[in-house]
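Asks: Same order as they appear, the protein sequences are chains A and B. Position one of the first sequence corresponds to residue 1 (this note's numbering), numbered consecutively onward. Position one of the second sequence corresponds to residue 1 (this note's numbering), numbered consecutively onward.
These are computed hints drawn from the structure, not numbers from a lab. If you're wondering where the values come from, they're calculated on a predicted model, not measured in any experiment. Just to be clear, a hint being listed does not mean it is correct.
Pairs count within a copy or across copies, as identical chains cannot be separated in the list.
[Unchecked claim] Pairs of lysine-lysine, DSSO-like flavour, derived with a Cα cap of 27 Å:
(1) Lys4 <-> Lys324
(2) Lys155 <-> Lys330
(3) Lys155 <-> Lys4
(4) Lys4 <-> Lys37
Given next are the chains, with one letter for each unit.
Number of protein chains: 2
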Amino acid sequence: MEQKIHVALGERSYDVRIAPGLIDQIGSSVAELTGAKQVVVITDSNVAPLYAARVTESLAAAGVVSRVLEFPAGEPSKNFATVSDLLDELLGSGEPIDRGTVIVPLGGGVAGDMGGFVAGVALRGLRFLQCPTSLLAVVDSSVGGKTGVDHAAGKNLIGVFHQPVGVLSDIESLRTLSIEELRNGLGECVKHAVIRDATLLDFIETNAETLQRVDGEKLAFDSDVMCELLAKNVAIKAQVVRTDERESGVRAHLNYGHTIGHAIETFVGYANIRHGEAVSLGMVTANHIAVARELFAPAVADRIANLLQSLNLPTTCGSLDAVKIWDIMKHDKKARGGQVRMVLPTGLGEVDIYDDITEQEVGEAVESIDG
Amino acid sequence: MEQKIHVALGERSYDVRIAPGLIDQIGSSVAELTGAKQVVVITDSNVAPLYAARVTESLAAAGVVSRVLEFPAGEPSKNFATVSDLLDELLGSGEPIDRGTVIVPLGGGVAGDMGGFVAGVALRGLRFLQCPTSLLAVVDSSVGGKTGVDHAAGKNLIGVFHQPVGVLSDIESLRTLSIEELRNGLGECVKHAVIRDATLLDFIETNAETLQRVDGEKLAFDSDVMCELLAKNVAIKAQVVRTDERESGVRAHLNYGHTIGHAIETFVGYANIRHGEAVSLGMVTANHIAVARELFAPAVADRIANLLQSLNLPTTCGSLDAVKIWDIMKHDKKARGGQVRMVLPTGLGEVDIYDDITEQEVGEAVESIDG
Chain A
1 MEQKIHVALG ERSYDVRIAP GLIDQIGSSV AELTGAKQVV VITDSNVAPL YAARVTESLA
61 AAGVVSRVLE FPAGEPSKNF ATVSDLLDEL LGSGEPIDRG TVIVPLGGGV AGDMGGFVAG
121 VALRGLRFLQ CPTSLLAVVD SSVGGKTGVD HAAGKNLIGV FHQPVGVLSD IESLRTLSIE
181 ELRNGLGECV KHAVIRDATL LDFIETNAET LQRVDGEKLA FDSDVMCELL AKNVAIKAQV
241 VRTDERESGV RAHLNYGHTI GHAIETFVGY ANIRHGEAVS LGMVTANHIA VARELFAPAV
301 ADRIANLLQS LNLPTTCGSL DAVKIWDIMK HDKKARGGQV RMVLPTGLGE VDIYDDITEQ
361 EVGEAVESID G
Chain B
1 MEQKIHVALG ERSYDVRIAP GLIDQIGSSV AELTGAKQVV VITDSNVAPL YAARVTESLA
61 AAGVVSRVLE FPAGEPSKNF ATVSDLLDEL LGSGEPIDRG TVIVPLGGGV AGDMGGFVAG
121 VALRGLRFLQ CPTSLLAVVD SSVGGKTGVD HAAGKNLIGV FHQPVGVLSD IESLRTLSIE
181 ELRNGLGECV KHAVIRDATL LDFIETNAET LQRVDGEKLA FDSDVMCELL AKNVAIKAQV
241 VRTDERESGV RAHLNYGHTI GHAIETFVGY ANIRHGEAVS LGMVTANHIA VARELFAPAV
301 ADRIANLLQS LNLPTTCGSL DAVKIWDIMK HDKKARGGQV RMVLPTGLGE VDIYDDITEQ
361 EVGEAVESID G
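Make the full structure from the sequences, and use the hints.
Replies: Written out as structure tokens, the structure reads:
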């Protein structure tokens with residue numbers, strides 16, 4: 001069932017592998033892809049107890065010396081101060097690193113963003129092998145080389161574009177996610193469907209139940225279905241990144257659902273809403289604006305909302321302040337000269353970028369999800 | 001007398017301009033090269049009182065809004081904590097920035113390295129126009145896109161490769177340097193001559209006196225001679241960088257004089273020796289090893305030492321500990337797997353990289369400069 005997707009970026013090209021059991025192949029992959037003799041694993045306090053020992057054993061079996069740097073789990077850790085602590089450990093303790101050292105970020109989006117950023121700035125850039133263990137990280141943040149951390153002024157304001165030498169996505173690691181975390185990632189899969197691939201929407205609708213199957217504490221999704229879902233999504237992400245590595249054009253399509261979504265996250269506080277929940281609300285509001293502009297059929301907007309509901313993702317939210325949300329959007333790093341840009345659907349599988357979004361449109365869209 | 005050198009790096013190409021009065025052309029250059037409407041100048045507490053007002057006036061005249069971020073002058077500021085402070089100011093105060101904002105690092109090597117690094121990581125990479133005001137920065141650090149800061153574990157251990165959109169080197173700004181700072185930069189010019197261009201060594205020998213002319217408090221070098229010197233040096237640096245942007249091969253030639261030089265800096269403390277002085281000692285010791293290996297004629301090594309002396313750069317140094325210097329070299333970020341690499345001259349204008357440097361050779365070379 002293993003799936004392999006090539007991310008074609010010239011001399012920075014790499015493969016994303018998706019299969020069960022890949023955590024035990026990190027050692028052989030590092031050896032094959034880089035020839036490195038030394039690895040530093042960067043992971044968080046949730047993931048370390050689950051997988052760090054297996055990773056270091058896999059590396060040792062391949063003749064690679066490794067050590068593990070651990071930071072406190074959670075988005076609040078994703079900041080410059082934690083990066084500074086990790087760099088102190090990386091550069092100032094243990095066996096000295098050199099330019100041949102490889103970083104292995106292991107975990108969800110936060111570990112990937114931070115580990116990739118540390119790799120990007122240590123010794124002016126070390127190679128790294130991305131090992132995502134959450135659905136959201138597999139389908140989104142692990143592919144494309146965006147790394148970085150949050151700042152008090154906004155999310156992901158500090159970072160670099162730095163491509164990994166490869167991505168290993170072990171689907172078995174997804175079984176230890178909570179069902180809410182899984183749904184968080186399924187929201188991004190819906191996003192990919194809306195921006196690029198109507199058949200992916202069919203696939204998610206058909207398999208919504210299978211994908212959300214739970215057996216006691218553990219997720220019991222069908223492995224083949226999950227591999228196929230991940231491969232379809234990574235292929236979309238890879239194609240977008242290939243066309244526009246540094247986000248000067250169509251890569252912005254991936255921000256569908258994220259403009260109002262990010263503003264909602266900032267407004268309610270990152271600790272109070274999951275990223276996938278905010279994106280779900282962001283897609284519903286973007287669709288509202290697209291329908292009001294007669295770009296998008298109301299029936300398709302309803303179909304997307306129904307799918308999000310069947311994935312237990314929110315389509316309404318109480319106590320949002322439309323004026324404040326607009327203000328946050330105006331200060332988003334993607335706003336140019338204070339002008340708000342949004343990605344709106346123009347058909348199922350098609351989106352476009354609009355620079356002329358008004359406060360009134362956003363206000364009406366935010367009001368439409370009040371509930 | 002204006003000189004222009006093209007740094008050919010494909011889509012990351014840019015020009016280095018060298019002339020008097022360029023500080024007053026920063027505004028028009030930013031407008032022409034980037035079309036930006038907003039600039040943030042990053043400079044230090046020595047340079048700000050001298051030039052910040054002229055820079056902001058030049059920008060205002062070109063219709064560009066700007067603000068100035070200032071940090072305490074000196075190498076001890078070149079660290080992650082100062083970068084964090086600058087990012088806080090950049091992202092969290094004043095008019096919000098966006099991806100169109102341009103950074104202007106203004107000052108010596110520290111301002112260029114830090115301003116370039118801040119530009120490299122803010123919003124995952126902003127464009128920047130490098131404006132060096134020291135000789136060392138003009139001929140070395142402003143060209144080639146190396147940015148970064150020091151760490152307790154060593155110099156320049158944290159940073160990114162990030163090319164500027166252009167470099168403006170106003171030679172009049174060099175007249176406010178101390179004569180020691182000027183000589184600091186002349187040491188790097190000797191380095192360029194030894195690694196690539198025997199005729200440049202002749203040029204420096206011929207013009208050593210003119211270049212060091214002082215009139216009261218102010219440097220009184222001949223402008224034409226200085227422009228020519230800078231252009232020759234920037235052309236060498238540009239050619240090396242073009243061949244090997246990310247320092248995987250011949251760019252390492254620029255480390256001639258820097259391996260033992262960096263170790264001496266670390267050993268005596270950055271506050272106690274100028275970079276150019278350490279490089280001068282580094283060249284003399286590298287030459288000693290090259291002569292001992294019979295790679296290099298003793299007469300040429302003597303000629304270089306005499307030139308360094310005529311530039312008032314040190315060729316001897318008391319109280320160095322050869323064992324500790326070797327230990328520091330083994331932990332240099334350029335060492336691979338603990339193996340020490342050095343660049344040694346194989347002829348005037350020619351160098352090669354040697355991976356088999358021994359502790360004994362370094363010990364003898366360090367002893368040879370005891371005085």
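Asks: Each hint needs a verdict: does it hold in this structure or not?
Replies: The hints, checked one at a time:
1. Lys4 <-> Lys324: neither (43 Å within a copy, 50 Å between copies)
2. Lys155 <-> Lys330: within (14 Å within a copy, 39 Å between copies)
3. Lys155 <-> Lys4: neither (31 Å within a copy, 40 Å between copies)
4. Lys4 <-> Lys37: Intra 25 Å, inter 44 Å, cutoff 27 Å: intra-copy only.
Of the numbered hints given earlier, the model fails hints 1, 3; all others are met.
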